[in-house]
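Undergrad: Chains as they are written, first to last, in the working numbering: chain G, 124 to 760; chain F, 3 to 257.
Treat the hints as calculated values from the structure; they're not laboratory data. Hints are not guaranteed to be accurate.
[Unchecked claim] Cross-link-like lysine-lysine pairs, in silico, DSS-like; alpha carbons within 27 Å at most:
# : chain 1 : residue 1 : chain 2 : residue 2
1 : G       : Lys616    : G       : Lys602
2 : G       : Lys616    : F       : Lys53
3 : G       : Lys594    : G       : Lys375
4 : G       : Lys619    : F       : Lys84
5 : G       : Lys443    : G       : Lys156
6 : G       : Lys619    : F       : Lys250
7 : G       : Lys611    : F       : Lys17
8 : G       : Lys611    : F       : Lys53
9 : G       : Lys610    : F       : Lys31
[Said to hold, decoys possible] To give an idea of the interface, some chain F residues facing chain G are shown, with a C-beta separation under 7 Å as derived from the structure:
#  : residue
10 : Val136
11 : Glu154
12 : Asn177
13 : Gln196
14 : Glu200
15 : Ala203
16 : Ala207
Every residue, glycine too, gets a C-beta built ideally from N, C-alpha and C.
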Amino acid sequence: MILDSKIPDGPLAEKWTKHKFNLKLVNPANKRKYNIIVVGTGLAGASAAASLAELGYNVQAFCFQDSPRRAHSIAAQGGINAAKNYPNDGDSVYRLFYDTVKGGDYRAREGNVHRLAEVSVNIIDQCVAQGVPFAREYGGLLDNRSFGGSQVSRTFYARGQTGQQLLLGAYSALSRQIHAGKVKMHTREEMLDLVMIDGQAKGIVTRNLETGAIDTHAAHAVLLCTGGYGNVFFLSTNAQGSNVTAAWRAHKHGALFANPCFTQIHPTCIPVSGDHQSKLTLMSESLRNDGRVWVPKAKGDKRKASEIPEDERDYFLERKYPSFGNLVPRDVASRNAKEQCDLGKGVGTSGLAVYLDFAESISRLGEDTVRARYGNLFDMYAQITGENPYKEPMRIYPAVHYTMGGLWVDYNLMTTIPGLYALGEANFSDHGANRLGASALMQGLADGYFVVPYTVGDYLATIGPKAIDAKHPAFAEAKAKVEAQTKKLLAIKGTKTVAEYHRELGHIMWEYCGMARNDAGLRKAQVLIQELRADFWKNVNVTGTNEELNQQLERAGRVADFLELGELMVVDALNRSESCGGHFREESQTEEGEALRNDNDFCYVAAWEYTGDNQPEVLHKEVLKFESVKLTQRSYK
Amino acid sequence: MSGHMNLTLKVWRQKDAKAAGKLETYEAKDVSPDMSFLEMIDVVNESLIKKGVEPIAFDHDCREGICGACSMYINGHAHGPKQGITTCQLHMRSFKDGETITIEPWRAKAFPIIKDLVVDRSAFDRIIQAGGYVSVNTGVTIDANAIAIPKEHADNAMDAATCIGCGACVAACKNASATLFLSAKVSQLALLPQGHPERAARVEAMIDQMELEGFGNCTNTEACSAECPKEIGQEHIARMNREFYAAKLSSSKTK
C-alpha cells in the first residue's frame with residue numbers, strides 16, 4: 124500500500140489556497156441530495172456538523188452523551204492559539220507553523236501544519252461572531268497570554284474554561300441547524316461499527332444507550348470526530364466515557380492507525396491520592412506563566428514547603444532551560460518532573476509530585492490579580508486536595524492527557540477508507556510527536572469549520588448523489604455482527620468486573636508505555652496485554668441485559684477495544700527505537716538526558732494495518748518531507 | 003486506614019421510566035476522605051456487582067465539574083451540601099463517619115427518569131435550539147477585534163456563559179422552573195453586541211419552548227442560584243425579564 128498524503132505541490136504558503144481551488148464543488152441544489160454522518164459532537168464534530176448543514180447537506184450527528192454539549196472538548200481549560208499578532212510581539216502564520224512543527228519534534232506534516240496556522244485567524248473571528256466571551260482588555264479588545272513552547276503571546280482564552288466556551292459556540296451553531304431541520308441529532312447513541320459497501324464507507328451501526336436498540340444508518344460519507352484514546356491508561360485527564368471504539372472498529376475495516384504510541388503526558392496535574400481514583404485532574408498549563416516549578420535540593424527532604432529556605436530549593440526548569448524556563452513544552456516539563464522524583468526529590472506523601480509555587484507572583488502582582496487569572500483553577504485544586512494554593516505551593520505530577528496518534532488521514536482528512544474522514548484528536552495529522560498547549564482546540568475547530576467543508580465536497584462530487592441502498596446486505600451483516608458481540612459479552616458471566624480489567628490494563632500501559640519506554644519493558648507489556656485480553660474474553664462479568672440502559676455493557680465494549688489498541692501502542696513504541704517528543708525511548712537520549720531523534724531511520728509516520736484478530740499488524744511508512752523547516756535537535760535552553 | 007469512614011446510603015432505584023422506584027439501603031465501607039462522591043459510588047457499585055446486584059446507574063463524564071453530566075440530589079440538595087461545585091467535585095471529607103446519605107435523581111416533570119439516578123434533560127437542548135444562538139454561518143470575515151466590547155460587559159457575559167446545563171437549578175426549584183438556565187443564555191447574548199440583532203425574537207422563542215417542555219414558572223425564591231454549581235446570579239433573571247418585557251412591547255406575535 125502506498126500512502127499518498129495528497130499534499131499539493133508549490134510553495135508552502137500557497138498550497139491550501141491552490142488546493143481549495145482545485146477541489147471539486149457540489150452544486151447548491153445538489154447538496155441536499157447527500158447525507159453525511161458525523162460521529163462525536165466535540166469541537167471537531169459540532170463545528171463540522173453545523174458547517175456542513177449550513178452548506179445544505181443533510182447531516183446526522185451522533186453522541187454517546189445525553190447532550191452534544193457534554194463532549195469532552197468542554198473540559199479544555201487554557202486557551203486557543205491563533206496567529207493574529209494582536210500583541211505586536213512578532214507572531215505570524217509562519218511562526219505558529221514553525222513552533223508547531225518544532226514542538227512536535229519534526230514528526231508532523233509541513234503542509235497540514237501550515238494550513239492549521241493559516242486558518243487559526245479565521246477561527247477567532249468565527250467564535251467572536253458567535254458570541255464567545257473571550258477575555259478582553261479594558262480598551263475592549265481581545266486579551267492574549269503566553270503558553271508553553273512559544274515565545275510570543277498568541278493564546279486567546281475565556282478564564283480557565285476556554286474549551287467550554289468554544290464548544291458552546293459550536294454547540295449553538297449545531298443547535299441552530301437542528302432547529303432548521305438540517306441536522307438530525309442522535310444523543311445517547313454510540314457508534315459500534317462501520318458499514319462498508321464496495322470498499323467505501325456508507326454508514327454506521329449504533330446502539331441506543333437508553334433502549335439497547337441496535338440500528339443502522341446510511342450516508343454518502345462518515346466523519347469520525349470521536350476524540351483520543353488516552354483512557355487506555357485507565358487514569359488520565361479524559362472524561363470517563365472517552366473511548367477509541369469508533370476509530371478502532373473503523374481500523375478493523377482497513378483504516379490505518381498512525382503513530383499510536385505518541386501520547387502526551389501533561390506536566391501539571393493533581394497527583395494520585397489512592398487506588399479508588401477514577402481520573403486525574405489537569406491544572407491548565409497556563410499556570411506555568413506565573414507559577415514556578417521546584418523541588419528541594421536535598422533528597423528525601425520532608426520539611427513543609429514554607430520551611431525550606433530559598434537557597435535549598437531547585438527551580439530545575441529555570442536552571443536547565445534559561446530561555447524558556449517554566450514554559451518549556453509539555454513533554455520536556457513532564458520528563459523533568461519524573462527525573463526529579465526518580466532522584467528521590469519528589470514531594471508529598473507519595474514522593475510522586477513537584478511543587479508549582481505562586482508565592483513570587485502573588486508578592487509581585489498581588490493576590491487579586493492572581494485570583495483574576497487563575498481563580499477557578501485554584502478553587503478546583505483546593506476542592507480536590509483540601510489545601511489552599513494561595514498559601515502553600517500546589518503539588519503537581521504528570522498525567523496522560525492527549526494522544527497525538529490516531530487514524531491516518533491525507534491532506535483532505537480522509538482515512539485510507541474512501542468516504543471515511545477523521546477530524547480533531549481522532550486523526551494523527553498535525554501535532555507530530557508532541558502537541559503544544561492551546562493547539563488542540565485550534566485543530567479541532569480548524570478541521571470542522573474550515574477544512575472538511577471544502578474537502579468532503581470533492582469526494583461527494585466524485586461519487587455522485589445517488590441514494591445509498593439501505594437494504595444492501597452490508598447493513599444487515601454489520602448489524603448482526605454488533606448484536607453477536609453484545610450477546611457474547613453478556614454471556615461470559617465471569618468473576619472480574621470490567622473496571623478491574625481496565626485498571627489492570629492501565630497499570631501495564633503506564634508502567635511500560637508511559638513517560639519512559641525501553642525494549643525489554645515493551646516486550647514484556649505486549650505479552651501481559653495479550654494474556655489480559657484472553658482472560659477478559661473468558662472471565663469478564665457484564666451485568667444486566669442489552670435491552671436497557673446498561674453502563675457496564677457500554678464500558679465492556681470500550682475496554683475490549685482498549686485491550687487491542689494497547690497492544691498496538693506497545694508494538695509501535697517498540698518499532699520506533701528513537702526518542703521524539705512525548706515518545707521517550709531510554710535507549711535513545713542525549714548526554715543531558717533529552718530526547719534524541721534518529722532522522723535517518725525514523726523520519727516517517729508509522730501507519731498500521733489490521734490483518735485479523737490476534738494477528739500482527741503490518742507497518743506502512745509515510746516518509747515525512749521537510750521543504751521549509753530544517754530539522755535540528757530541539758533546544759529550549 | 004486513619005480517617006476512613008463507614009456510611010449508610012439510601013439510593014433511589016428505578017428500573018426504567020415506567021417502573022415504580024424506591025429507596026434502597028446500601029453500606030459504603032472504608033470510604034477514604036480523599037474520594038470524590040462519584041468514586042465512592044464506583045466502589046459501592048463494584049461491591050454490588052460482586053454480590054450479584056445490579057450497579058446503580060448514574061450520569062457522569064468529565065469528573066472535573068464542567069461537562070454538567072453528573073446530577074445527584076444529595077441529602078436534599080442538588081449536588082450535595084457544598085456551594086459552587088458539582089457532584090463529581092464533592093469529596094467525602096465533607097461527610098462524617100457513620101452518616102446516612104440520601105441520594106435521589108433530579109425531580110422534575112420536564113426531566114423524566116430513565117433509570118435509577120439518570121434523567122432525560124433533552125428539554126434543555128430544545129430550549130437552546132429554539133433560539134439560544136447568534137445566527138451566523140461559518141465563514142465570517144469580520145476581524146475579531148473590529149468591535150470593541152467593554153471588559154465589564156464581556157466579563158458579565160462570561161459569568162452567564164459559564165452555565166454547564168446540569169439542571170441543578172430545576173431540581174432545586176419548588177416549581178421546577180428552568181428560568182435560571184434560560185436566563186443565562188439570554189443574558190450572555192444580550193450583553194454582547196453580536197447578540198443584539200436577534201435579542202427580541204430569542205427571548206420570546208426560548209421562553210415559549212420552556213413552557214412547552216413543562217417547566218414551571220419563576221416565583222423568585224432564588225433557590226436556583228443558591229444551588230447552582232457555577233453560582234450564576236439572579237441578575238441574569240432580571241436581565242432576561244427586561245429583555246422579555248422589551249420584546250413583548252414590540253412583538254409581532256399575538257399570544
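Undergrad: Give a verdict on every hint.
TA: To see whether the hints hold, each was checked on the structure:
1. Distance check on the hinted pair: Lys616/G and Lys602/G sit about 23 Å apart at the alpha-carbon level, within 27 Å; holds.
2. Simply put, Lys616/G and Lys53/F have alpha-carbon atoms about 13 Å apart, close enough for the 27 Å limit, and the pair holds.
3. Proposed proximity of Lys594/G and Lys375/G is supported: the alpha carbons are some 23 Å apart, at most 27 Å.
4. Taken as a hint, the Lys619/G and Lys84/F pair is broken in the structure, with Cα atoms around 35 Å apart against an allowance of 27 Å.
5. The straight-line distance between the Cα atoms of Lys443/G and Lys156/G is roughly 60 Å, outside the 27 Å bound, and the hint therefore fails.
6. Distance hint between Lys619/G and Lys250/F is unfulfilled; the C-alpha atoms sit about 61 Å from each other, more than 27 Å.
7. A distance of roughly 23 Å separates the Cα atoms of Lys611/G and Lys17/F; the hinted pair therefore holds under the 27 Å criterion.
8. At most 27 Å may separate the alpha-carbon atoms for a hinted pair to count; Lys611/G and Lys53/F meet this at roughly 22 Å.
9. Distance restraint check for Lys610/G and Lys31/F: the Cα-Cα separation of roughly 34 Å exceeds the 27 Å cut-off, and the hinted pair is therefore not satisfied.
10. At a threshold of 7 Å, the smallest CB-CB gap from Val136/F to chain G is about 5 Å, leaving the interface hint in force.
11. This hint is violated: Glu154/F has a C-beta 9 Å from the nearest C-beta of chain G, more than the 7 Å allowed.
12. Of the supplied interface hints, the one on Asn177/F is violated, with its beta-carbon coming no nearer than about 23 Å to a beta-carbon of chain G, more than 7 Å.
13. The closest approach between the C-beta of Gln196/F and any C-beta of chain G is roughly 5 Å, which is under the 7 Å cut-off, so the hint is satisfied.
14. Annotation: interface hint on Glu200/F violated; nearest CB of chain G at approximately 10 Å, more than 7 Å.
15. Taken as an interface hint, Ala203/F does not check out: its beta carbon lies about 12 Å from the nearest beta carbon of chain G, beyond 7 Å.
16. Interface restraint check for Ala207/F: the shortest CB-CB distance to chain G comes to about 9 Å, outside 7 Å, so the restraint is violated.
In this structure, the earlier hints numbered 4, 5, 6, 9, 11, 12, 14, 15, 16 are contradicted, and the remaining ones agree with it.
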